[in-house]
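Chemist: Those protein sequences? They're chains Z and U, same order as listed.
Positions in the first sequence are counted from 1; adding 636 to them yields our numbering.
Positions in the second sequence are counted from 1; adding 743 to them yields our numbering.
The set of hints was computed from the structure by calculation and includes no laboratory data.
Among the hints, erroneous ones may be present.
What the hints assert, rightly or not - Quick list of simulated restraints, FRET-style, between CB atoms:
| id | chain 1 | residue 1 | chain 2 | residue 2 | range |
| --- | --- | --- | --- | --- | --- |
| 1 | Z | Pro695 | U | Lys786 | 25 to 35 Å |
| 2 | Z | Ser703 | U | Gly851 | 35 to 45 Å |
| 3 | Z | Thr656 | U | Ile811 | 35 to 45 Å |
| 4 | U | Gly798 | Z | Ser643 | 37 to 47 Å |
| 5 | Z | Ser646 | U | Ser771 | 39 to 49 Å |
| 6 | U | Leu754 | Z | Ser712 | 41 to 51 Å |
| 7 | U | Ser817 | Z | Lys743 | 50 to 60 Å |
| 8 | Z | Glu741 | U | Ser771 | 36 to 46 Å |
Cβ coordinates follow ideal geometry from the N, Cα and C atoms, glycine included.
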Amino acid sequence: DIQMTQSPSSLSASVGDRVTITCRASQSIYSYLNWYQQKPGKAPTLLIFGASKLQSGVPSRFSGSGSATDYSLTISSVEPGDFATYYCQQSFNAPRTFGQGTKLEIK
Amino acid sequence: QVQLQESGPGLVKPLETLSLTCSVSGDSIGIYYWNWIRQPAGKGLEWIGRLSTSGNTNYNPSLKSRVIISLDTSKNLFSLELTSVTAADTAVYYCAREDPMAAVGTTGYFYFAMDVWGQGSTVTVSS
Numbered sequence: 637d638i639q640m641t642q643s644p645s646s647l648s649a650s651v652g653d654r655v656t657i658t659c660r661a662s663q664s665i666y667s668y669l670n671w672y673q674q675k676p677g678k679a680p681t682l683l684i685f686g687a688s689k690l691q692s693g694v695p696s697r698f699s700g701s702g703s704a705t706d707y708s709l710t711i712s713s714v715e716p717g718d719f720a721t722y723y724c725q726q727s728f729n730a731p732r733t734f735g736q737g738t739k740l741e742i743k
Numbered sequence: 744q745v746q747l748q749e750s751g752p753g754l755v756k757p758l759e760t761l762s763l764t765c766s767v768s769g770d771s772i773g774i775y776y777w778n779w780i781r782q783p784a785g786k787g788l789e790w791i792g793r794l795s796t797s798g799n800t801n802y803n804p805s806l807k808s809r810v811i812i813s814l815d816t817s818k819n820l821f822s823l824e825l826t827s828v829t830a831a832d833t834a835v836y837y838c839a840r841e842d843p844m845a846a847v848g849t850t851g852y853f854y855f856a857m858d859v860w861g862q863g864s865t866v867t868v869s870s
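The following block holds chain U by itself, in its conformation from the complex (with noise of 0.2 Å):
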């Protein structure tokens, strides 16, 4: 049963780089889509962006100049780094794998959605 665990620094100082890893356990890293998600406290989700192992990328527009989403296929793990930091970026950090979960009809397209959730990991920006 495929697992994943968000690790980092939990406090990082306004205008640094936020670096978190998610660590894939129980299955390799294969062909899927590698999301990051995060949730400030009391607030809904919002999404940051996502990683194929293709190496396709795409990003949330409204954090797309401070983020990058890597992947390291020979760690099995994959990482979210977000650049000059500020206050409005504390939140619970999420990972999560974006599965294929059933075509759509004949179309050749697939329906996506995220099965696979990591924990959570919070992180607080502060002087």
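Pulled out of the complex, with its shape left as it was, chain Z reads as follows (with noise of 0.2 Å):
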């Protein structure tokens, strides 16, 4: 199975910081990267797919960038509704597998 590691698992951050997330697979994964994005008690919603195409209706000041083993999501302007927690997920192969999660908490 691959393994995807996220870091850093917490976040703080204020209104209008530009944050990133990073998150590692333990073996190429070819862009084959998904971002989401969890509000609490929510279902996830997809960000961003193929490790840098921004899904339909998400604000462009979300961005992903990597290859490889090493990948990273970009908030250029945090807002409020960013607050929330964010995985990574590899869709090379499956089992499909998740990162741990970064929860972007208010400084």
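Using the hints, put the two standalone chains together into the complex.
Modeler: This is the structure in structure tokens:
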């Protein structure tokens, strides 16, 4: 199985800050990497697929990058609704695997 | 607009079978992958498995011996069965549709992602 490791596990930021979350795969996943946002009590929602492609309706302040084993999610200017937990997930093969999550909290 | 809705018992006794269904509305079962994911309280997401409309299944190796995912195209729903449950199976269970989101250049392959999720169904294993 491909192991996905996110860092940091939690992150404190202020509105307007630029934040970056990283995700490392245990082997190359060739950009088969998705990012999800989850708010408390809600199902996850897809933000980015294919490492860098923005899902329809997702604000452009979200961006993804990376290749091979190392990927990142960046929020260019955090807004109040962005405080949530973020998960990466590889779609290179089965079993699908998620990172452990990064909780973005208000500073 | 496609919507998914999980349903099933909220309480299951230890060693019994957890059974959930995911009803699909607003679209047909079509040509997708249908996934189950769970999340224990305060923890991360754990992928349980998926089923394609062609009948292919993939399961999490840690659960494979206890999981069956099936599809009923006539009723536009898919189901999860998890046998011999323990307290460790207590979680919110989500169903999700996995779609081919974009082609990978000219390779013939696609980037897949879970872009439609149910709201989740809380299952507690307790006597």
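Chemist: Of all the hints given earlier, name the ones this structure violates by number, lowest first.
Modeler: Going through the list in order, the structure violates hint 2 alone and respects the others.
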